[in-house]
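Undergrad: Each chain, written out:
2 protein chains.
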Amino acid sequence: MQIPKASEVVKSYKKIKSFIHHTPILNSTDLNEKIGTKIWLKCENFQKVGAFKFRGACNAVLPLEASVAKNGVATHSSGNHGQAIAKAAQIKGIPAYIVMPENAPKVKIQAVKGYGAKVIYCEPTQLAREQTLKDVIHQTNAHFVHPYDNSDVILGQASAAWEFLHQIPELELIITPVGGGGLLSGSILAAEAFHAIQKRPICKIIAAEPEQANDAYRSMISGSIQSLTNEQTANPTIADGLRTNLGNIPFQIISRAHTQIVCVSEESIVQAMKYIWERFNMIIEASCAVPIAALLEKKIAPTFKNVGVIITGGNVDLDNLPWNKAG
Amino acid sequence: MQIPKASEVVKSYKKIKSFIHHTPILNSTDLNEKIGTKIWLKCENFQKVGAFKFRGACNAVLPLEASVAKNGVATHSSGNHGQAIAKAAQIKGIPAYIVMPENAPKVKIQAVKGYGAKVIYCEPTQLAREQTLKDVIHQTNAHFVHPYDNSDVILGQASAAWEFLHQIPELELIITPVGGGGLLSGSILAAEAFHAIQKRPICKIIAAEPEQANDAYRSMISGSIQSLTNEQTANPTIADGLRTNLGNIPFQIISRAHTQIVCVSEESIVQAMKYIWERFNMIIEASCAVPIAALLEKKIAPTFKNVGVIITGGNVDLDNLPWNKAG
Numbered sequence: 064m065q066i067p068k069a070s071e072v073v074k075s076y077k078k079i080k081s082f083i084h085h086t087p088i089l090n091s092t093d094l095n096e097k098i099g100t101k102i103w104l105k106c107e108n109f110q111k112v113g114a115f116k117f118r119g120a121c122n123a124v125l126p127l128e129a130s131v132a133k134n135g136v137a138t139h140s141s142g143n144h145g146q147a148i149a150k151a152a153q154i155k156g157i158p159a160y161i162v163m164p165e166n167a168p169k170v171k172i173q174a175v176k177g178y179g180a181k182v183i184y185c186e187p188t189q190l191a192r193e194q195t196l197k198d199v200i201h202q203t204n205a206h207f208v209h210p211y212d213n214s215d216v217i218l219g220q221a222s223a224a225w226e227f228l229h230q231i232p233e234l235e236l237i238i239t240p241v242g243g244g245g246l247l248s249g250s251i252l253a254a255e256a257f258h259a260i261q262k263r264p265i266c267k268i269i270a271a272e273p274e275q276a277n278d279a280y281r282s283m284i285s286g287s288i289q290s291l292t293n294e295q296t297a298n299p300t301i302a303d304g305l306r307t308n309l310g311n312i313p314f315q316i317i318s319r320a321h322t323q324i325v326c327v328s329e330e331s332i333v334q335a336m337k338y339i340w341e342r343f344n345m346i347i348e349a350s351c352a353v354p355i356a357a358l359l360e361k362k363i364a365p366t367f368k369n370v371g372v373i374i375t376g377g378n379v380d381l382d383n384l385p386w387n388k389a390g
Numbered sequence: 064m065q066i067p068k069a070s071e072v073v074k075s076y077k078k079i080k081s082f083i084h085h086t087p088i089l090n091s092t093d094l095n096e097k098i099g100t101k102i103w104l105k106c107e108n109f110q111k112v113g114a115f116k117f118r119g120a121c122n123a124v125l126p127l128e129a130s131v132a133k134n135g136v137a138t139h140s141s142g143n144h145g146q147a148i149a150k151a152a153q154i155k156g157i158p159a160y161i162v163m164p165e166n167a168p169k170v171k172i173q174a175v176k177g178y179g180a181k182v183i184y185c186e187p188t189q190l191a192r193e194q195t196l197k198d199v200i201h202q203t204n205a206h207f208v209h210p211y212d213n214s215d216v217i218l219g220q221a222s223a224a225w226e227f228l229h230q231i232p233e234l235e236l237i238i239t240p241v242g243g244g245g246l247l248s249g250s251i252l253a254a255e256a257f258h259a260i261q262k263r264p265i266c267k268i269i270a271a272e273p274e275q276a277n278d279a280y281r282s283m284i285s286g287s288i289q290s291l292t293n294e295q296t297a298n299p300t301i302a303d304g305l306r307t308n309l310g311n312i313p314f315q316i317i318s319r320a321h322t323q324i325v326c327v328s329e330e331s332i333v334q335a336m337k338y339i340w341e342r343f344n345m346i347i348e349a350s351c352a353v354p355i356a357a358l359l360e361k362k363i364a365p366t367f368k369n370v371g372v373i374i375t376g377g378n379v380d381l382d383n384l385p386w387n388k389a390g
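Protein chains in written order, with the working numbering: chain F, 64 to 390; chain C, 64 to 390.
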């Protein structure tokens with residue numbers, strides 16, 4: 064298991080820079096007043112494919128050598144990673160095989176197909192996903208790109224915080240949501256790299272996760288990777304991007320950094336999500352609302368003067384909004 | 064009637080620059096491919112108060128002399144102009160009196176009050192609005208800021224296109240929606256000013272408006288300001304920001320420039336609105352979707368290589384989206 068180094072962040076960023084959007088930062092007086100400090104949002108919902116995942120996909124796919132690339136790339140995904148790999152492969156001009164559960168939202172399947180990828184359906188279980196992917200790779204010799212337990216992916220995700228720190232060098236804290244840990248561990252590396260190069264005090268990285276999927280929190284306490292409880296699996300969090308367990312590589316990086324993880328309720332996630340929609344006029348996924356909820360719930364000490372939040376993505380089913388649901 | 068000059072655009076921009084957001088530009092490969100040319104969106108939905116109207120309000124309110132300012136400012140508005148004036152007055156530290164129809168959306172009333180303004184309710188007719196405003200001004204001696212028939216407001220709105228042209232100097236065309244004509248006429252002045260200073264070919268300005276509120280189109284043909292027809296008033300366009308007649312000052316500027324106005328159907332407005340929500344992950348009002356609809360309907364010749372669209376605002380009732388309506 065190869066742990067990526069902070070010193071590799073710059074090199075990766077240079078590789079992918081011209082293929083990704085340099086996403087804008089937004090802020091609002093109302094949010095600043097509510098929290099009592101300056102909050103800056105890094106809008107990866109405006110990234111290509113609508114999520115930061117495109118950064119990791121680019122860094123994992125674009126530099127592939129011809130001998131590997133010629134067989135294409137493969138992954139399993141019901142979410143943004145599949146779209147990201149499909150688009151990165153399209154740019155590289157190589158095949159992409161995306162294993163998707165047969166009950167995945169049509170709009171996501173169409174998006175993946177729209178980038179020219181081949182979709183292979185499987186039953187909606189983790190086991191079926193992994194077996195189907197294995198079969199696909201056996202048949203095609205395609206290169207597997209794991210959504211987060213992959214050094215190149217992590218270094219690609221690091222570019223979001225890296226850009227962010229250059230845009231707002233005064234940041235003392237960046238909060239990210241945590242699912243598999245790719246963005247979180249990448250952000251830790253980016254803060255270390257920025258600190259080493261710019262000789263500024265290091266920017267702290269804190270993660271936020273739903274109480275209803277607090278596996279990362281429990282993993283940090285127990286010192287080993289934990290899964291969702293049966294109750295959490297039966298009543299999944301609305302933040303569907305954060306239901307996964309931590310990857311091994313991210314867990315190593317997060318453990319080494321003693322990263323603090325704060326947990327928030329489902330109610331506060333929906334409230335924070337709607338607040339951002341209304342005040343910032345932008346569409347964010349429930350997962351992105353988790354750090355905002357942590358701030359609004361005052362779960363993070365207001366001693367930081369400049370706080371960054373990475374808004375991870377905006378791919379939402381507009382016909383099925385949480386505040387329009389019956390009951 | 065004082066017609067503002069292109070040469071005043073720079074001076075106005077300098078006055079308001081530090082109070083407004085320098086809004087970002089977004090683009091998308093998918094939209095570019097659909098239209099067959101490069102489309103750039105200037106995101107005034109991320110402006111303070113969620114709309115470009117804040118620019119005009121700042122330019123009309125902030126420079127007021129103490130002797131005038133001490134009595135405060137007043138306007139009537141059911142939409143973004145009221146919020147914009149309220150916030151500009153808050154910054155200036157003077158009273159604001161906003162006449163609003165008693166059936167205005169609660170969220171808009173609350174927003175105006177949130178900026179510290181006094182809300183005066185009236186019956187929801189044009190006559191009642193004007194009479195109530197007259198009474199308010201009689202009692203308070205407040206300075207009236209018209210939403211578009213005001214040189215300072217127009218020069219403030221000009222700053223959006225002015226910034227836009229500096230961000231993307233290659234723009235050959237900017238499309239704006241047209242209601243009262245403040246943004247449109249301001250954009251014409253900004254293009255003239257940019258042309259004069261930068262010595263580049265002048266950027267063309269075209270306006271888009273709903274067929275169901277094509278009064279500006281008819282005004283340009285007839286050579287005098289036209290109103291909505293009875294049928295158009297009875298079945299109002301979804302683009303509620305564009306239901307007003309042209310102002311006198313905007314009409315002078317637009318007529319002099321021989322501005323082309325293209326009209327689009329209600330259906331195409333809703334489709335374009337949802338398209339932008341889905342592809343750009345941002346919230347735009349129906350009014351902003353009108354230029355996008357004109358592009359998607361191929362009503363504008365695709366000979367322009369770089370086309371800008373000013374996304375005017377994002378204040379939408381999230382509980383009442385047009386594609387969630389029954390029927």
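Calculated from the structure, these hints are not laboratory results. Predicted, not measured: the structure shown is a model, and the values here were computed from it. Possibly wrong hints are sitting among the right ones.
Remember, identical chains collapse to one label, so a pair may be satisfied in a single copy or spanning two.
What the hints assert, rightly or not - Keeping only pairs whose Cα atoms sit at most 27 angstroms apart, straight-line, the calculated DSS-like set for lysine-lysine is:
#1 262 with 133
#2 337 with 171
#3 97 with 155
#4 337 with 169
#5 171 with 74
#6 133 with 368
#7 78 with 361
#8 337 with 68
#9 133 with 97
#10 78 with 197
#11 362 with 267
#12 337 with 80
#13 267 with 181
#14 197 with 267
#15 176 with 101
#16 77 with 101
#17 97 with 77
#18 337 with 78
#19 80 with 368
#20 368 with 155
Undergrad: Determine for every hint whether it applies to the structure shown.
TA: Hints, verified against the model:
1. Taking the shortest Cα distances, residue 262 and residue 133 never come within 27 angstroms of each other, neither inside one copy (42 angstroms) nor across copies (49 angstroms).
2. In this assembly of identical chains, residue 337 and residue 171 lie within 27 angstroms of each other by CA distance both inside one copy and across copies; the values are 22 angstroms within and 16 angstroms between.
3. Taking CA atoms no more than 27 angstroms apart as the test, residue 97 paired with residue 155 passes between copies only; the shortest distance there is 22 angstroms, against 45 angstroms inside one copy.
4. For the homomeric pair residue 337 and residue 169, the shortest alpha-carbon distances inside one copy (24 angstroms) and between copies (16 angstroms) are both at most 27 angstroms.
5. Within a single copy, residue 171 and residue 74 get their C-alpha atoms no closer than 31 angstroms, and across copies no closer than 48 angstroms, so neither meets the 27 angstroms cut-off.
6. For the homomeric pair residue 133 and residue 368, neither the shortest alpha-carbon distance inside one copy (49 angstroms) nor that between copies (35 angstroms) is at most 27 angstroms.
7. For a Cα distance limit of 27 angstroms, the shortest separation of residue 78 from residue 361 qualifies neither inside one copy, at 38 angstroms, nor across copies, at 37 angstroms.
8. For the identical chains of this complex, residue 337 and residue 68 are neighbours neither inside a copy (37 angstroms) nor across copies (42 angstroms), given an alpha-carbon limit of 27 angstroms.
9. Taking CA atoms no more than 27 angstroms apart as the test, residue 133 paired with residue 97 passes in neither setting, with 52 angstroms inside one copy and 30 angstroms between copies.
10. Taking the shortest alpha-carbon separations for residue 78 and residue 197, neither the intra-copy value of 29 angstroms nor the inter-copy value of 63 angstroms comes in at or below 27 angstroms.
11. Proximity of residue 362 and residue 267 under a CA criterion of 27 angstroms is satisfied intra-copy only: 15 angstroms inside one chain copy versus 51 angstroms between copies.
12. Taking identical chains as interchangeable, the C-alpha atoms of residue 337 and residue 80 are never at most 27 angstroms apart, the minima being 32 angstroms within one chain and 30 angstroms between chains.
13. For the identical chains of this complex, residue 267 and residue 181 are neighbours neither inside a copy (40 angstroms) nor across copies (43 angstroms), given an alpha-carbon limit of 27 angstroms.
14. For a Cα distance limit of 27 angstroms, the shortest separation of residue 197 from residue 267 qualifies neither inside one copy, at 39 angstroms, nor across copies, at 56 angstroms.
15. When the C-alpha separation of residue 176 and residue 101 is checked against a cutoff of 27 angstroms, the pair qualifies only between copies, where the shortest distance is 23 angstroms, while the shortest distance within a copy is 41 angstroms.
16. With identical chains, the CA atoms of residue 77 and residue 101 are at most 27 angstroms apart between copies only, with a shortest distance of 25 angstroms across copies and 29 angstroms within one.
17. Taking the shortest alpha-carbon separations for residue 97 and residue 77, neither the intra-copy value of 37 angstroms nor the inter-copy value of 30 angstroms comes in at or below 27 angstroms.
18. In this homomeric assembly, residue 337 and residue 78 never come within 27 angstroms of each other (Cα to Cα): the closest approach is 36 angstroms inside a single copy and 34 angstroms across copies.
19. For a Cα distance limit of 27 angstroms, the shortest separation of residue 80 from residue 368 across copies, 24 angstroms, qualifies, whereas the shortest one inside one copy, 29 angstroms, does not.
20. Taking the shortest alpha-carbon separations for residue 368 and residue 155, only the inter-copy value of 26 angstroms comes in at or below 27 angstroms, while the best intra-copy value is 42 angstroms.
When each numbered hint is compared with the structure, violations occur for hints 1, 5, 6, 7, 8, 9, 10, 12, 13, 14, 17, 18.
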